[in-house]
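Undergrad: Sequence:
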Amino acid sequence: MKLKITTVGNSAGVVLPKELLARLRLDKGDTLYVTELPDGVKLQAYDPAFAAQMDVAERIMREDRDLLRRLADS
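Sequential numbering from 1 applies to the sequence shown in full-length UniProt numbering.
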């Protein structure tokens with residue numbers, strides 16, 4: 001699906017078509033979780049449990065960066 005970035009106040013945004021919102025079971029005012037991937041981003045409905053897991057994963061990656069780098073190199 002090709003979407004165009006548009007101006008929203010002083011920011012930029014993307015308008016999601018009604019059909020996409022229906023397929024994702026989302027509505028105006030819902031919160032999305034954005035995950036950065038090597039080849040783009042993933043948008044999904046916000047799930048507090050998933051967000052908490054991602055917070056833990058990011059903290060571990062930050063705190064144990066050197067260890068994780070050594071593991072990746074071996």
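Just so you know, the hints here were simulated from the structure itself, not pulled from any lab data. No experiment lies behind these values; they were computed from the predicted model shown. Check each hint, because a few of them may be wrong.
To be verified - The calculated BS3-like cross-link candidates involving lysine-lysine, where the alpha carbons are at most 27 Å apart (straight line), are:
1. Lys-42 to Lys-18
2. Lys-2 to Lys-42
3. Lys-2 to Lys-28
Unchecked claim - Simulated DEER-style distance windows between Cβ atoms:
4. Asp-39 to Gly-13: 33 to 39 Å
5. Ser-74 to Leu-21: 41 to 47 Å
6. Lys-28 to Asp-73: 22 to 28 Å
7. Val-41 to Asp-73: 33 to 39 Å
8. Lys-4 to Leu-67: 39 to 45 Å
9. Lys-4 to Asp-27: 20 to 26 Å
10. Lys-18 to Asp-39: 23 to 29 Å
11. Asp-73 to Ala-12: 37 to 43 Å
12. Met-54 to Leu-24: 38 to 44 Å
13. Arg-65 to Leu-20: 18 to 24 Å
14. Ser-74 to Thr-7: 22 to 28 Å
Glycine included, every Cβ here is placed at the ideal spot set by N, Cα and C.
Undergrad: Take the hints in turn and mark each one as holding or not.
TA: Structure-based check of each hint:
1. Distance hint between Lys-42 and Lys-18 is fulfilled; the C-alpha atoms sit about 19 Å from each other, no more than 27 Å.
2. At most 27 Å may separate the alpha-carbon atoms for a hinted pair to count; Lys-2 and Lys-42 meet this at roughly 15 Å.
3. About 20 Å separates the Cα atoms of Lys-2 and Lys-28, which keeps this hinted pair within 27 Å; it holds.
4. The hint said 33 to 39 Å for the Cβ distance between Asp-39 and Gly-13, and at roughly 22 Å that hint is violated.
5. For the pair Ser-74 and Leu-21, the beta carbons lie near 45 Å from each other, so the given range of 41 to 47 Å is met.
6. The beta-carbon spacing between Lys-28 and Asp-73, approximately 47 Å, falls outside the hinted interval of 22 to 28 Å.
7. The supplied range of 33 to 39 Å is broken by Val-41 and Asp-73, whose beta-carbon atoms lie about 27 Å from each other.
8. Between Lys-4 and Leu-67 the CB atoms are about 43 Å apart, so this pair conforms to the stated range of 39 to 45 Å.
9. At roughly 22 Å, the beta-carbon separation of Lys-4 and Asp-27 lies within the given 20 to 26 Å, and the hint holds.
10. For the hinted restraint 23 to 29 Å between Lys-18 and Asp-39, the CB-CB distance of approximately 27 Å keeps it satisfied.
11. Checking the proposed 37 to 43 Å range against Asp-73 and Ala-12 shows it holds: the Cβ atoms sit about 38 Å from each other.
12. Restraint check, Met-54 to Leu-24: a C-beta distance of roughly 19 Å breaks the suggested window 38 to 44 Å.
13. A hinted range of 18 to 24 Å for the beta carbons of Arg-65 and Leu-20 is inconsistent with their spacing of about 36 Å.
14. Distance hint for Ser-74 and Thr-7: a CB-CB separation of about 48 Å, inconsistent with the stated range 22 to 28 Å.
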